[in-house]
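> Top line first, the protein sequences correspond to chains A and B. Residues in the first sequence are numbered consecutively from 1, following the numbering used here. Residues in the second sequence are numbered consecutively from 1, following the numbering used here.
Check the hints yourself; a few may be wrong.
Below, simulated DSS-like cross-link-like pairs (lysine-lysine); rule was C-alpha separation at most 27 Å, straight line [to be verified]: (1) K66/B - K55/B; (2) K41/B - K70/A; (3) K41/B - K66/B; (4) K41/B - K59/A; (5) K41/B - K20/B; (6) K57/A - K41/B; (7) K64/B - K41/B; (8) K70/A - K59/A; (9) K70/A - K57/A.
Hints were generated in silico from the structure; no laboratory data involved.
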Amino acid sequence: TQLLEQSPQFLSIQEGENLTVYCNSSSVFSSLQWYRQEPGEGPVLLVTVVTGGEVKKLKRLTFQFGDARKDSSLHITAAQPGDTGLYLCAATGNQFYFGTGTSLTVIP
Amino acid sequence: GAVVSQHPSRVICKSGTSVKIECRSLDFQATTMFWYRQFPKQSLMLMATSNEGSKATYEQGVEKDKFLINHASLTLSTLTVTSAHPEDSSFYICSAVQGYDTEAFFGQGTRLTVV
Chain A
1 TQLLEQSPQF
11 LSIQEGENLT
21 VYCNSSSVFS
31 SLQWYRQEPG
41 EGPVLLVTVV
51 TGGEVKKLKR
61 LTFQFGDARK
71 DSSLHITAAQ
81 PGDTGLYLCA
91 ATGNQFYFGT
101 GTSLTVIP
Chain B
1 GAVVSQHPSR
11 VICKSGTSVK
21 IECRSLDFQA
31 TTMFWYRQFP
41 KQSLMLMATS
51 NEGSKATYEQ
61 GVEKDKFLIN
71 HASLTLSTLT
81 VTSAHPEDSS
91 FYICSAVQGY
101 DTEAFFGQGT
111 RLTVV
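The following block holds chain A by itself, in its conformation from the complex:
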């Protein structure tokens, strides 16, 4: 069961451009996490957001948790080729579900 829908599913942009990835659900979550995964490896945690409306920054990455704690966004400023990867949101609780994923390619 995919509780979390991410958009877009695929994204290919030029180096230096900005982008936003969305993670949406009809369910309310106590917390939400964002991961980045490279091919052949496990996901790596980027951030956890727990408070509705919370904004967290990680260098060029800005994460926001929706006020109702049903959705989240990831904004990348001035994307670099090293940002290429699969970005996943995930909801925590009794089970651990991932969003549908966004495959990002940053072209030099």
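Given chain A's structure and the hints, the job is docking chain B onto it.
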């Protein structure tokens, strides 16, 4: 962060044989472990949730007789793919959590190829 070790990282097996994948939490006790399957450029699909000492809870559509999960201790869970077929070829990843609503730590994944 905590370390989760998954073994093997790659395995090739013949159709009809069984393959066991191990997931170990090396420096913490994992109350719950999760098993996922992933196809190229797609997200991780939760297969099952296992709690130490109890039967795993399988997601809808996942055959529990085909994907046997054992969580015998707080540091070890195993996934056995029984009577493997080429369509079972995939990337399998485990994760472990220490408690409810806490950070999950992931294994390195296992690339299974059934020939």
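> Holds or violated: K70/A with K59/A, Cα cutoff 27 Å?
holds (25 Å)
> Can the restraint linking K70/A and K57/A be considered satisfied, given a maximum Cα separation of 27 Å?
holds (19 Å)
> Holds or violated: K57/A with K41/B, Cα cutoff 27 Å?
Holds. K57/A to K41/B sits at ~26 Å (cutoff 27 Å).
> Is the straight-line distance between the alpha-carbon of K41/B and that of K20/B 27 Å or less?
holds (24 Å)
> Regarding the pair K66/B and K55/B, is the alpha-carbon distance no greater than 27 Å?
Roughly 15 Å between the alpha carbons, so the hint for K66/B and K55/B holds.
> Taken at face value, is the distance from the CA of K59/A to the CA of K41/B at most 27 Å?
holds (25 Å)
> When you check the alpha-carbon spacing of K41/B and K70/A, does it fall within 27 Å?
With a Cα-Cα distance of about 25 Å, the restraint between K41/B and K70/A holds, given a limit of 27 Å.
> So if I understand the rule, the pair passes when the alpha-carbon distance is 27 Å or less; does K41/B with K66/B pass?
holds (25 Å)
> Is the straight-line distance between the alpha-carbon of K64/B and that of K41/B 27 Å or less?
Distance of about 25 Å is within 27 Å: holds.
In this structure, every one of the numbered hints holds.
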